[in-house]
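Q: Put together the whole structure using the sequences plus the hints.
Residue numbers (my numbering), protein chains in the order written: chain A, 2 to 164; chain B, 2 to 164; chain C, 2 to 164; chain D, 2 to 164.
Treat the hints as calculated values from the structure; they're not laboratory data. Don't take each hint at face value.
No distinction is drawn between identical chains; accordingly, a pair holds when it is met within one copy or between any pair of copies.
Think about it this way: if two alpha-carbon atoms lie no more than 20 Å apart in a straight line, the pair counts; the simulated SDA-like pairs of lysine to any residue are [claimed, not checked]: (1) Lys95 <-> Ala131; (2) Lys100 <-> Glu34; (3) Lys53 <-> Ile70; (4) Lys100 <-> Ala131; (5) Lys53 <-> Gly162; (6) Lys100 <-> Arg52; (7) Lys95 <-> Asp62; (8) Lys100 <-> Gln26.
Number of protein chains: 4
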Amino acid sequence: MQHLTIVTTGGTIDKIYFDDKSQFQIGDPQIGEILTTLGVDFTFEVVPVMRKDSLHMDDQDRALIREAIVRQAHRHVLVTHGTDTMVETALVLKDLPGKIIVLTGALNPAAFQGSDAVFNIGCAVGAAQALPDGVYIAMNGRIWDPARVRKNRDANRFEDGGA
Amino acid sequence: MQHLTIVTTGGTIDKIYFDDKSQFQIGDPQIGEILTTLGVDFTFEVVPVMRKDSLHMDDQDRALIREAIVRQAHRHVLVTHGTDTMVETALVLKDLPGKIIVLTGALNPAAFQGSDAVFNIGCAVGAAQALPDGVYIAMNGRIWDPARVRKNRDANRFEDGGA
Amino acid sequence: MQHLTIVTTGGTIDKIYFDDKSQFQIGDPQIGEILTTLGVDFTFEVVPVMRKDSLHMDDQDRALIREAIVRQAHRHVLVTHGTDTMVETALVLKDLPGKIIVLTGALNPAAFQGSDAVFNIGCAVGAAQALPDGVYIAMNGRIWDPARVRKNRDANRFEDGGA
Amino acid sequence: MQHLTIVTTGGTIDKIYFDDKSQFQIGDPQIGEILTTLGVDFTFEVVPVMRKDSLHMDDQDRALIREAIVRQAHRHVLVTHGTDTMVETALVLKDLPGKIIVLTGALNPAAFQGSDAVFNIGCAVGAAQALPDGVYIAMNGRIWDPARVRKNRDANRFEDGGA
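A: Structure, rendered in C-alpha cells:
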C-alpha cells in the first residue's frame with residue numbers, strides 16, 4: 002500500500018469537550034495528526050465529508066459518503082465513522098468495484114486516555130493492505146464482513162451478528 | 002480469527018524506567034494488558050519466551066523463539082520483538098507451515114505518551130486476520146515481507162529494503 | 002500536612018463519556034485514584050457529597066457542601082468542584098474557622114489527554130500546606146482569594162476579577 | 002505571583018528515550034511546554050543551567066546553580082532537578098535572601114504515562130505562592146524543609162528524615 006485515502010464522517014472518534022456547553026461535540030478529524038505523529042511509511046490524504054454523530058445520519062448522508070469514495074482515485078480507503086450506524090453505511094458501500102474500503106471508529110474519543118481509536122486505526126490500516134477488494138469493518142480487534150456483525154449497544158462493543 | 006497466540010521476546014516495547022539505575026530495562030510484557038483494556042473480541046494467550054534487547058539476541062535465541070512458535074496449536078501468532086534484529090528473526094521463522102506469523106514491536110516504549118506500540122499492535126492484529134500463511138513484519142503502518150524491509154537506524158524507521 | 006480531607010461535588014473534572022448517550026456525564030470522583038497512583042506522602046479520605054455540574058447547583062447544594070466540611074475533623078480540606086460556580090461556593094465557605102479550604106477542578110475532564118486536572122490538584126495540594134486558615138481557589142496555576150477572581154467563560158479560564 | 006523564574010538542571014523529569022542507544026538521556030526541559038499547554042495565569046521564563054543526572058552533580062555544579070538563581074531578578078524561583086541529590090542542592094541554596102525557591106523533579110520521566118512530573122510541578126507552583134522566603138522541596142505531594150527530608154532510594158520516594 003503506497004497511498005491511503007481517508008474519508009472522515011464524524012462520530013465519537015473525533016469528539017472533543019467544550020466546557021461552555023458542558024458536552025461533547027465533534028471536532029476536527031483526529032486521524033491525520035495521529036498518522037503523521039506515528040510516522041507511517043505511506044502517503045495519505047484526509048477527505049472530510051461530514052461531521053455527524055452516526056445516529057443522525059440518513060440515506061442522503063450515506064449517498065454523499067458513497068459519492069465521495071467513488072470520486073477518489075486510490076484503491077485503499079479508510080472511513081472513520083460513528084459506531085452506531087457504521088454497519089448500515091458499510092452495506093451501502095458494498096458493491097463499489099476496485100476498492101478496499103475499511104470502516105473504523107472508536108467507542109471512546111481519541112482525545113481520551115485509553116481510547117481505542119489508535120488501536121482501531123491500526124487494525125484498519127494493517128488489514129487494508131492484506132484484504133481483497135470489498136468493504137470491511139475494523140472494530141474490537143476484529144475485521145468483520147458488514148453482513149455478519151452488529152454493534153451490541155448494551156455491552157458497547159461489536160460482535161458476531163447481522164441480518 | 003478466534004484466537005491469537007502472542008509470543009513475547011522483549012525489546013523497546015516493554016521497556017520501563019528504573020530510577021535507581023537511571024536507565025531503561027525490559028519489564029513485563031505490556032501487550033496482554035493493552036489487549037484486555039481494549040476489549041478485543043478474540044481470545045489470546047501470552048507466551049513469554051525471553052526478555053531481550055534484540056541487539057543481544059543470537060542464533061540460539063532465535064532457535065528458541067522458533068521452537069516456542071512450533072509448539073503452539075493455533076494458526077495466528079503475533080510476536081513482539083525488539084526492532085534492531087526483527088528482520089533477522091522473521092527470516093528464521095520463514096518456512097514454518099500452517100502459521101500466520103506477524104512480528105511487531107515499537108520504536109518507543111509502550112509506557113511512553115505517544116508511543117507507536119498500540120498502533121503497531123493494531124496493524125499486526127488487523128493484518129493477521131487477512132493475510133495468507135507466512136511471516137510478516139508490521140512496523141510504521143506497513144505490512145512487510147521480511148525479505149524486502151530493513152530498519153533504517155539513522156532515521157529510526159522501517160523502509161523498503163532488504164538483502 | 003499529615004492528612005487531607007477531600008470533598009467531591011462533581012464538575013468537569015469527573016466527567017466521563019457514555020457512548021450510548023453520546024454525551025458526558027459525571028462519573029466517580031477521580032481524585033482518590035490519582036493521588037493513590039502518585040504515591041503521596043500523606044493520608045487522605047474522599048467524601049463524595051454530590052455529583053453536579055456546578056451550573057446546576059443552588060443555595061441548598063452549597064449549604065450541604067458547607068455542612069459536610071464542618072463535620073470533618075481535619076484542618077486541610079480540598080474541594081473538587083465544577084468551574085462555573087466555584088467562586089460562589091467558595092464565598093459561602095468563607096467564614097469557617099480553623100480550616101484551610103482549597104477549591105479546585107478542571108477545565109477539561111481528568112480522563113482527557115492533556116487535562117489540567119492533575120496539575121490543578123497539585124497546585125491545591127501544594128498550596129494547602131503553606132496557606133493560613135481561609136478559603137482559596139486553585140485554578141490556572143494561581144492561588145486566588147475568592148473575592149478577587151472570576152471565571153472568564155469566553156476565554157475558558159480564571160483571571161483577576163470579582164465583585 | 003505574577004512571574005515565575007524556572008531554573009532547569011536536568012534529572013529524570015527531562016529524560017527521553019533514544020532508540021539507537023537503547024537508553025534514556027536527558028532531553029530538552031519539559032516544563033516550559035507543560036506550563037504553556039496548561040494555560041497558567043502568570044508569566045514565566047525558563048533558564049536552562051545544565052542537563053545532569055543529579056548523581057553526577059558536584060560542588061561546582063551546585064555553585065553554578067546558586068549563581069544562576071542569584072542573577073535572577075524575580076522572587077519566585079522553581080528549580081527542576083534530579084531526585085537523588087535534590088536535598089544537597091537545596092541545602093546549598095538555603096541562605097539566599099529575598100527568594101522563595103522550590104525544587105521539584107520527578108521519579109518518572111514527564112514523557113511517561115502516569116508520570117508524577119505534572120503533579121509535582123503543580124505542587125511546587127501552588128506552594129511557591131503561599132510560602133515565606135526560603136528553600137523548599139516539593140515531592141510526593143509534600144512541601145518539605147530540605148533539612149528534614151530524605152529520598153528513600155529503596156522505596157523510591159521522599160519521606161521525613163534528614164541529617
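Q: Next step is simple, just say for each hint if it's right about the structure.
A: Outcome of the hint check:
1. Lys95 <-> Ala131: Classified as both: same-chain Cα gap 18 Å, cross-chain 18 Å, threshold 20 Å.
2. Lys100 <-> Glu34: This pair counts as neither: shortest intra-copy Cα distance 24 Å, inter-copy 35 Å.
3. Lys53 <-> Ile70: Classified as within: same-chain Cα gap 17 Å, cross-chain 44 Å, threshold 20 Å.
4. Lys100 <-> Ala131: Both: 13 Å inside a copy, 16 Å across copies.
5. Lys53 <-> Gly162: neither (25 Å within a copy, 39 Å between copies)
6. Lys100 <-> Arg52: Neither. Shortest intra-copy (23 Å) and inter-copy (41 Å) distances fail the 20 Å Cα cut-off.
7. Lys95 <-> Asp62: within (16 Å within a copy, 46 Å between copies)
8. Lys100 <-> Gln26: neither (31 Å within a copy, 40 Å between copies)
Hint check: violations occur at hints 2, 5, 6, 8; the rest are consistent with the structure.
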